[in-house]
Each structure stands twice: as structure tokens, then as C-alpha cells.
Amino acid sequence: MTPEDLVAIEEIRQLKARYFHCMDRKRWDEWEECFCEDVVVDTTQEGTPILHGRKAFRDFLEPVLEGVKTVHHGHTSEIALTGPDTATGTWAMEDNLWWPESKGGMTLWGTGFYLEAYRRGDDGRWRIQELKLRRIRTEVNGKQTFPAATDAG
Amino acid sequence: MTPEDLVAIEEIRQLKARYFHCMDRKRWDEWEECFCEDVVVDTTQEGTPILHGRKAFRDFLEPVLEGVKTVHHGHTSEIALTGPDTATGTWAMEDNLWWPESKGGMTLWGTGFYLEAYRRGDDGRWRIQELKLRRIRTEVNGKQTFPAATDAG
Amino acid sequence: MTPEDLVAIEEIRQLKARYFHCMDRKRWDEWEECFCEDVVVDTTQEGTPILHGRKAFRDFLEPVLEGVKTVHHGHTSEIALTGPDTATGTWAMEDNLWWPESKGGMTLWGTGFYLEAYRRGDDGRWRIQELKLRRIRTEVNGKQTFPAATDAG
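Chains as they are written, first to last, in the working numbering: chain A, 1 to 153; chain B, 1001 to 1153; chain C, 2001 to 2153.
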């Protein structure tokens, strides 16, 4: 690892920070900019299909979270540069969601890992190229839902 | 971003770490050193007035937290250098407070953001110059209090 | 602090990230590699004796956590280099553990600090040389257990 590598690692960490902060502050335009156009999103553990492209991800997520208060926190990250413009990362995570009464008043709490890949574009900016979410535990309305076994690989 | 910028960013991150750790370990002298003498503290969302100066902040906070167990955690930070000796930062946060029975036994849980500015002094040390706390959700004794709407801007 | 120091600090942060992630994913071989062979582990606040050596730590912990879902999160870290190949660190932490029904179905939630020392080996890799865990609050099955007073020093 060289001092120059640290610049890339820092930019990736701030990218992921922006992803979290923009989602919870519902700054969707800035949030969308965190992803490569061709990002692949795998939250299939939650029953959703694999999504291709940042537009598809936003079209899916923004209406789902309308009126929902969300808190997404990311912890200790392992970032590895895999080429001059590519990297991988593992982040521990925890989230809390509160649906409004008008949408059923559900609460969700979960923890797990983001397993990700990043790519630096021609404009010099890092973006998320692959996002895979694997939870260790999820509770809906205070009751454990899935997964039954530790499955964060 | 240059390797030299990273030194400033790291010093600011460790400054904020010290802020959190000293508060929860009640090391108030070291905690006070985290702030510029003329720090502006805006926790007005919680009903307190804007505080001017680190002495005023400590005079306010230390007695409030006497005997109270506190846990303040900071997450993913966006740090931007805005000049040779100035910077801004956004941190996600979560806190837990437990008042002793003698003070009513209240509990508080909250999450939100610190929106901050930093300044490097003549002694070369970074300190917090502005601290603004905006919560997404607060619960007192397990019941949601404020704010009603997502308001973390 | 120099740009070169930042490389060491980053390697130590990623070491601790690996420690957390491997524990919760039960990757024990990789987890064991996070420690110096002669690591000293002090979790005596939880009633366990001081453990000497990474083999003793793994022999103790791996069977205790078999079948237990665990989530360990580390937050804001103060890392100080104390020599060319030595460092100290303070991390805020939070953990959640869920025992399976077959083992009693207990839950544990806690927060506190890791107070640590690190050493760089002849192979150039940083490892944890001392690990001391001091909690601010622990709840078993939702009830506070220990410690009664704020004791995170």
C-alpha cells in the first residue's frame, strides 16, 4: 500500500458515506451519482430480483422509501485496490426503517454486510459498480424474519 | 485530493473520535480541548438555545450528563478541506443515554447527523468550530418524540 | 503525522475491520491471523481470565460462539504510532449476540471500548498484540447486567 493508494481508498470511503447519507436524507439525484450507470445490485436475500443499472435501482427504491424514515449506518470497511481504476470493499452495516402509519407502520431492523466493487470513471470519480447486501439478522416489527442461519458470505 | 490532504482528514477524524470517546468516558478537560474557543453549537432541534464558546458548551453539558451513562457513536464521514486550515464534515451518529434512577431513570435513543466545521489553530491542531446536530429520529423511554418528519438537512 | 504514517494507520484499521468481519462470518482461520502469537486478551470485565496467546483465545472463543449469531461493530478509532512497528488504538464498539434455542436462546447487547496495542511482524503485517474490552453497558435478555457504573477506563 502506498500513500497514493490511500487517496483512492479515501475517495471510496467518502463515496460510500455519500451513499448512506444521501439515502437517509432522500437526496436521490446525488445518491444516484454514487453508482456506475451499469451497476449490478443484488439484494436478492430480501426477495427482490437482481437489478441492472442505477436508473433501475432508483426507480425501484425511491418510491419504496417515500415517506419512510430510514437510517443506514456503515462500519469498518476493508477496501482493496484491484487495478488502477477498480477496487473491492466489504462494509459492516446496520439499518432501521420506520414506515408511516399510512403505509402500515411497519418497522425493520437489520444488520449484515455490503460486499461491493468500485470503478473509477473517465471523469476521475469512483462509483459503486456492484452492490451485494447480505444480512446476518433482520427483524420486522421486532420479530426475526430471515435468514435463519448465519449466511453473510 | 493529495496525500498531504489525507493527513488533515485523518487528524480531523481522530479529533471527532476523541470528542466521542471523551464524552462517554467523561474526560471533560480533554473533551473541551476538541473545540475552538469560539465554537458555535447548534442542538436547537432538542430545544436548547445556540451556545457560543466551548466554555458555555461544557458548562451546559457536563452537569446535564452527571451520573448519566452515555454512548455516542459516529459513522461514515464526509470530510472536505475548504482552505489550508479549514474544513467541513458530515457524520452519521447514534446515541444512547441512561439516566440514573435518582434522576428519573429516563432513557434516550437517537440517530441523525453532525454537520460540522473545523479549524486548524496556530498550534497546528484541528478543532471543532461549528457543531450542528440534526436528528432523524429520537425515542425517549422507547417512544418516538421528535422530529415528526425527516429533517436532517 | 506523515503520509507514510497514514499507510500504517490504514493497515491497522483494515486489520481491525478483518477482526470484526471474520468473527461474525466465523472465518476462524483468518480471524486467528489478526493476532500476534503472544497476544494478551483482557475481557476480564465479563468474568473470564486473562488469555495468553492467539491459540488460547481461539480455543476459548470458537466453541463459545458455535451456533451463536454475532454482530460486532467498531466505530471511531484513535490510532497512535508509538514506534516504527508498534501502535495503540481505542475503538468504540457495540455487539449483539443471539444464542440458538438449543443453547438457551439468550440475547446479549453491549457497548464499550476496545483498548488495544498492535505490532508489525517481520512479514510486514500488523497484528493485534493486546486486546482489552471495557464495556459501558451490557444487557442480557434485555436487562442491564454490568457494569453498574461508567467504567470504560
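If you are wondering where the hints come from, they were derived from the structure by calculation, not from laboratory data. Among the clues, some could well be false.
To be verified - Derived coverage of chain A by chain B (criterion: at least 3 residues anywhere in the stretch with Cβ under 8 angstroms from a Cβ of chain B; other residues may be distant):
1. 5 to 13
2. 47 to 55
3. 100 to 111
Unchecked claim - Restraint ranges, calculated between C-beta atoms of paired labels, are given here:
4. C/E2139 <-> A/E101: 39 to 47 angstroms
5. B/E1062 <-> C/F2060: 35 to 43 angstroms
6. B/V1007 <-> C/G2067: 21 to 29 angstroms
7. B/W1028 <-> C/T2145: 34 to 42 angstroms
8. C/D2085 <-> B/D1042: 40 to 48 angstroms
9. C/F2060 <-> A/T88: 45 to 53 angstroms
10. A/P100 <-> C/E2004: 34 to 42 angstroms
11. C/E2062 <-> B/E1062: 25 to 33 angstroms
12. C/E2139 <-> B/P1084: 40 to 48 angstroms
13. C/G2083 <-> A/M106: 51 to 59 angstroms
14. B/G1142 <-> A/E66: 22 to 30 angstroms
Predicted model only: the values in this text are computed from it and were never measured. In this text, a Cβ means the ideal position worked out from N, Cα and C, and glycines have one as well.
Going through the hints against the structure:
Three residues within the 8 angstroms Cβ limit are the bar, and the segment 5 to 13 of chain A against chain B gives 5, so the coverage statement holds. Coverage of the segment 47 to 55 of chain A by chain B is violated. Counting CB-CB distances below 8 angstroms, 0 residues qualify, and the rule asks for three or more. Counting residues of the segment 100 to 111 of chain A whose CB lies closer than 8 angstroms to any CB of chain B gives 0, which falls below the minimum of 3, so the coverage claim is violated. For the hinted restraint 39 to 47 angstroms between C/E2139 and A/E101, the CB-CB distance of approximately 29 angstroms leaves it violated.
Restraint check, B/E1062 to C/F2060: a C-beta distance of roughly 40 angstroms satisfies the suggested window 35 to 43 angstroms. Checked against the hint of 21 to 29 angstroms, the pair B/V1007 and C/G2067 fails, with Cβ atoms roughly 45 angstroms apart. With their beta carbons about 27 angstroms apart, B/W1028 and C/T2145 fall outside the hinted range of 34 to 42 angstroms. Take C/D2085 and B/D1042: their Cβ atoms lie about 44 angstroms apart, and the range 40 to 48 angstroms holds.
For C/F2060 paired with A/T88, a C-beta distance near 32 angstroms fails the hint of 45 to 53 angstroms. Our hint of 34 to 42 angstroms for A/P100 and C/E2004 is violated, since their Cβ atoms are close to 51 angstroms apart. In this structure, C/E2062 and B/E1062 break the distance hint of 25 to 33 angstroms, their C-beta atoms being roughly 43 angstroms apart. Taking 40 to 48 angstroms as the suggested C-beta distance range, the pair C/E2139 and B/P1084 conforms, at roughly 47 angstroms.
The hinted window of 51 to 59 angstroms between C/G2083 and A/M106 holds, with their beta carbons roughly 53 angstroms apart. Look at B/G1142 against A/E66: about 26 angstroms separates their beta carbons, and that is inside 22 to 30 angstroms.
Against the hints set out earlier in the document, violations occur for numbers 2, 3, 4, 6, 7, 9, 10 and 11.
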